[in-house]
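A.B. asks: Next come the chains, spelled out residue by residue.
Protein chains: 4
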Amino acid sequence: MEVALLSFTPEPELIVAAAARLSFSSIGAIERRQRLRSEQVNSLLGRLLSSGHLSPFEHASFTFALDGISRVTSHQLVRHRLASYTQQSQRFVSFKELNFVTPATIAAKGNLKAKYRELVRASHELYRQMLDDGVPAEDARYVLPNAVETKLVMTMNARELMHACSLRLCQKAQWEIVELFERIKAEVAKVAPRIGAELKPKCYHLGHCDERDGCGLFAPRESPVN
Amino acid sequence: MEVALLSFTPEPELIVAAAARLSFSSIGAIERRQRLRSEQVNSLLGRLLSSGHLSPFEHASFTFALDGISRVTSHQLVRHRLASYTQQSQRFVSFKELNFVTPATIAAKGNLKAKYRELVRASHELYRQMLDDGVPAEDARYVLPNAVETKLVMTMNARELMHACSLRLCQKAQWEIVELFERIKAEVAKVAPRIGAELKPKCYHLGHCDERDGCGLFAPRESPVN
Amino acid sequence: MEVALLSFTPEPELIVAAAARLSFSSIGAIERRQRLRSEQVNSLLGRLLSSGHLSPFEHASFTFALDGISRVTSHQLVRHRLASYTQQSQRFVSFKELNFVTPATIAAKGNLKAKYRELVRASHELYRQMLDDGVPAEDARYVLPNAVETKLVMTMNARELMHACSLRLCQKAQWEIVELFERIKAEVAKVAPRIGAELKPKCYHLGHCDERDGCGLFAPRESPVN
Amino acid sequence: MEVALLSFTPEPELIVAAAARLSFSSIGAIERRQRLRSEQVNSLLGRLLSSGHLSPFEHASFTFALDGISRVTSHQLVRHRLASYTQQSQRFVSFKELNFVTPATIAAKGNLKAKYRELVRASHELYRQMLDDGVPAEDARYVLPNAVETKLVMTMNARELMHACSLRLCQKAQWEIVELFERIKAEVAKVAPRIGAELKPKCYHLGHCDERDGCGLFAPRESPVN
Numbered sequence: 050m051e052v053a054l055l056s057f058t059p060e061p062e063l064i065v066a067a068a069a070r071l072s073f074s075s076i077g078a079i080e081r082r083q084r085l086r087s088e089q090v091n092s093l094l095g096r097l098l099s100s101g102h103l104s105p106f107e108h109a110s111f112t113f114a115l116d117g118i119s120r121v122t123s124h125q126l127v128r129h130r131l132a133s134y135t136q137q138s139q140r141f142v143s144f145k146e147l148n149f150v151t152p153a154t155i156a157a158k159g160n161l162k163a164k165y166r167e168l169v170r171a172s173h174e175l176y177r178q179m180l181d182d183g184v185p186a187e188d189a190r191y192v193l194p195n196a197v198e199t200k201l202v203m204t205m206n207a208r209e210l211m212h213a214c215s216l217r218l219c220q221k222a223q224w225e226i227v228e229l230f231e232r233i234k235a236e237v238a239k240v241a242p243r244i245g246a247e248l249k250p251k252c253y254h255l256g257h258c259d260e261r262d263g264c265g266l267f268a269p270r271e272s273p274v275n
Numbered sequence: 050m051e052v053a054l055l056s057f058t059p060e061p062e063l064i065v066a067a068a069a070r071l072s073f074s075s076i077g078a079i080e081r082r083q084r085l086r087s088e089q090v091n092s093l094l095g096r097l098l099s100s101g102h103l104s105p106f107e108h109a110s111f112t113f114a115l116d117g118i119s120r121v122t123s124h125q126l127v128r129h130r131l132a133s134y135t136q137q138s139q140r141f142v143s144f145k146e147l148n149f150v151t152p153a154t155i156a157a158k159g160n161l162k163a164k165y166r167e168l169v170r171a172s173h174e175l176y177r178q179m180l181d182d183g184v185p186a187e188d189a190r191y192v193l194p195n196a197v198e199t200k201l202v203m204t205m206n207a208r209e210l211m212h213a214c215s216l217r218l219c220q221k222a223q224w225e226i227v228e229l230f231e232r233i234k235a236e237v238a239k240v241a242p243r244i245g246a247e248l249k250p251k252c253y254h255l256g257h258c259d260e261r262d263g264c265g266l267f268a269p270r271e272s273p274v275n
Numbered sequence: 050m051e052v053a054l055l056s057f058t059p060e061p062e063l064i065v066a067a068a069a070r071l072s073f074s075s076i077g078a079i080e081r082r083q084r085l086r087s088e089q090v091n092s093l094l095g096r097l098l099s100s101g102h103l104s105p106f107e108h109a110s111f112t113f114a115l116d117g118i119s120r121v122t123s124h125q126l127v128r129h130r131l132a133s134y135t136q137q138s139q140r141f142v143s144f145k146e147l148n149f150v151t152p153a154t155i156a157a158k159g160n161l162k163a164k165y166r167e168l169v170r171a172s173h174e175l176y177r178q179m180l181d182d183g184v185p186a187e188d189a190r191y192v193l194p195n196a197v198e199t200k201l202v203m204t205m206n207a208r209e210l211m212h213a214c215s216l217r218l219c220q221k222a223q224w225e226i227v228e229l230f231e232r233i234k235a236e237v238a239k240v241a242p243r244i245g246a247e248l249k250p251k252c253y254h255l256g257h258c259d260e261r262d263g264c265g266l267f268a269p270r271e272s273p274v275n
Numbered sequence: 050m051e052v053a054l055l056s057f058t059p060e061p062e063l064i065v066a067a068a069a070r071l072s073f074s075s076i077g078a079i080e081r082r083q084r085l086r087s088e089q090v091n092s093l094l095g096r097l098l099s100s101g102h103l104s105p106f107e108h109a110s111f112t113f114a115l116d117g118i119s120r121v122t123s124h125q126l127v128r129h130r131l132a133s134y135t136q137q138s139q140r141f142v143s144f145k146e147l148n149f150v151t152p153a154t155i156a157a158k159g160n161l162k163a164k165y166r167e168l169v170r171a172s173h174e175l176y177r178q179m180l181d182d183g184v185p186a187e188d189a190r191y192v193l194p195n196a197v198e199t200k201l202v203m204t205m206n207a208r209e210l211m212h213a214c215s216l217r218l219c220q221k222a223q224w225e226i227v228e229l230f231e232r233i234k235a236e237v238a239k240v241a242p243r244i245g246a247e248l249k250p251k252c253y254h255l256g257h258c259d260e261r262d263g264c265g266l267f268a269p270r271e272s273p274v275n
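Chains as they are written, first to last, in the working numbering: chain W, 50 to 275; chain L, 50 to 275; chain G, 50 to 275; chain U, 50 to 275.
Extracted from the complex, chain W is given alone in its bound form (with noise of 0.2 Å):
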């Protein structure tokens, strides 16, 4: 797995904090936004968190590519609606090599693991024996499995991005969507340091854990109110 922050709104969180006093304002944003110093812009930023006022956040984007993420893991990845993703066709790209992902329970095991390897083989050789039959490439990839790897550039606002994370962050999430969040926070942390610290799980903003069997990291709700 692989990902790169391509671009992104420069001095995110200057913008963020630039929007937010705005709101309570009379003189030009331009302006403001050369007069506020990192600390104001911290500062400004815990207040907007810690009291829930999230919309500013939405105008700093990143935009990512991700590679080598499995169909798995995509196919998840774009069910966040509020962000932009361009990913990669397999109707119209034939693939001559094949890369995949190997979950670690399964590569943990060697007999397991010979065997999945040995199918996703299989699955490619006889996806290219269909397209060298004349069957299109987007009706051959039927025989392709979960496991092989897409990319995609994609962009999320940091508002959406504290969302995602607060879901996909959490240790119930699968392993892969986990590894790609943490990754996408490592790089947004790199460039935008107090928004990075806020990309975590769902538990940390709610104070409890409001899943099944959780972690354990937080306790569950007391007296749940639902």
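FYI, nobody ran anything at the bench for these hints, they're computed from the structure.
We treat Cβ as the ideally placed atom computed from N, Cα and C, and that holds for glycine.
Check the hints yourself; a few may be wrong.
To be verified - Pair ranges (Cβ atoms, derived):
hint : chain 1 : residue 1 : chain 2 : residue 2 : range
1    : L       : Leu266    : U       : Ala268    : 15 to 25 Å
2    : L       : Gly95     : G       : Gly265    : 49 to 59 Å
3    : L       : Gln89     : U       : Glu146    : 43 to 53 Å
4    : W       : Arg84     : L       : Arg128    : 38 to 48 Å
5    : W       : Leu103    : G       : Gly263    : 17 to 27 Å
6    : L       : Leu103    : U       : Pro59     : 27 to 37 Å
Stated by the list, open to error - 25 Å max Cα-Cα, derived BS3-like pairs, lysine-lysine:
hint : chain 1 : residue 1 : chain 2 : residue 2
7    : W       : Lys145    : L       : Lys158
8    : U       : Lys162    : G       : Lys164
9    : G       : Lys162    : U       : Lys145
10   : W       : Lys221    : W       : Lys251
11   : G       : Lys164    : G       : Lys145
Start from chain W and add chains L, G and U according to the hints.
C.D. replies: What follows is chains L, G and U alone, placed relative to chain W:
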């Protein structure tokens, strides 16, 4: 493939018309709704459509149970972001039997069809063996092919149905998702004939074909503006 | 202010439950729906809510006619982007009579109330004079105050209703939009009591108050994580 | 009215092109991006546009500070739901001075212009008097006219900018929002000329006019399909 209309906004076309008239009138929408005759509704919907005022069509929603589509098609489907999906999980469900889709281009060649069936069978066998060996279902499924059937509940409003059909009823879309939306269109047409009639490929709306190597239904645009 | 439930997904809670069960089962959603008893529906909805699995609630939509709210409130309302709105136009409708909203804080002071009423009257008089002098309604309306009443048709699904209510039923929201959502809640509760019961301010979900100078219903969070 | 481009995805057209090529290729998007020359970018963007493959344009976002627009226009603007807004609050800000917009149709008539100005002045006077008498700003503002200026920070991606401009650059849109999007277009054109050139009224995309009593730029459709 099975498509059932599970539920929908009652009197969907009347609701669209009542909403559209609100914008230009001065008495209660509720009263007005009762005064609208079906000819008036039809005529009003026609005017909205020909002038591109599509937002009132968002007030009518349709909920479908979709069964027996491949993971190829469910992955394409959920890319439509202005809709709601609940999909059968491959994480928590273990599949004792495995239904799968066979593209006609493969089924047409006896030789390939047998190999295809055999490979799907072998995938399922390994899948079950991995489950027996303690691999979680969410990991064992990496070996399952795209062909495996899935099911979803999907809710989409009439405006987005028009948009999705404009793309997915085009003959350049893949056959399985074309069939899916043809069935969706047929279900909608039973309860909302005017809306159903509007579910058609984009060329009908554009008045020309914007695909390379189109199907010939409409000619390409003569003098491209772009 | 008048709030009427114009239409809604029939059997809304049953549809949510049927969709939620699909994800973990292997037979048709339609059949299953008929087998669900109301206790089961209630219990299933409770589990979805307490575990934060809210997406199945998107399958139930509610369409309201909202009348007699000020432009202050309609401007706040349409900021909720996951909903559909058709609003009475001030561009194409000329208002012979002008209904308007008077905040209680103004109505309480006889002196101000009279001046307020007089100013709205004067605005309307100038508005009509401008129309008579050939100014288009869309321009004449610039003189109309925020207090002027408007009407909308709004469609929102149950998940977004929960979210909007979490913000707008908070006592820190403005009184008019609080009242609007209280009436919306009352309408939903009549036809979907379990969903209606879930329409409540964010503090109930959080278990604490995240506003400065809260109303006291819930205490602030003791040890802020953010 | 003042429109400033606060921030944007660096090299916006290159990002769109890099994303679009990913879908059909097999090496890293990052490398590829460096290999793209500006002629290639232009040509690729042209192909995406003429074939209606607009989703890659979502990867480029633009953040604007908009100042000095009336509440009429901000209410219209925020109806575009696929964008992010932070608006100056009339709830928490007390306006000592009141800037307002005067439509040209009113300014052109000396008689009306004076009355208009006087009425806005009287509104502001009553507003301030109410504040002095202890009415909260959020209620006192009910007396303020639509003409009052507001400011926003808005982030919109290039695809939605094209859509919004297709509606708001049409001569049937109201003059103030037409002017707003003309300025937005001008700002975009400075940093992304190919995208800027694509910000134009819907008739250019349709090849005909779908408004009643159009401006004459394009003729109505000859044989309506709808």
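A.B. asks: Hint by hint, note whether the structure agrees.
C.D. replies: So, going through the hints one by one against the coordinates:
{"no.": "1", "hint": "L:Leu266 x U:Ala268: 15 to 25 Å", "result": "23 Å, holds"}
{"no.": "2", "hint": "L:Gly95 x G:Gly265: 49 to 59 Å", "result": "56 Å, holds"}
{"no.": "3", "hint": "L:Gln89 x U:Glu146: 43 to 53 Å", "result": "50 Å, holds"}
{"no.": "4", "hint": "W:Arg84 x L:Arg128: 38 to 48 Å", "result": "43 Å, holds"}
{"no.": "5", "hint": "W:Leu103 x G:Gly263: 17 to 27 Å", "result": "18 Å, holds"}
{"no.": "6", "hint": "L:Leu103 x U:Pro59: 27 to 37 Å", "result": "34 Å, holds"}
{"no.": "7", "hint": "W:Lys145 x L:Lys158", "result": "22 Å, holds"}
{"no.": "8", "hint": "U:Lys162 x G:Lys164", "result": "23 Å, holds"}
{"no.": "9", "hint": "G:Lys162 x U:Lys145", "result": "21 Å, holds"}
{"no.": "10", "hint": "W:Lys221 x W:Lys251", "result": "11 Å, holds"}
{"no.": "11", "hint": "G:Lys164 x G:Lys145", "result": "21 Å, holds"}
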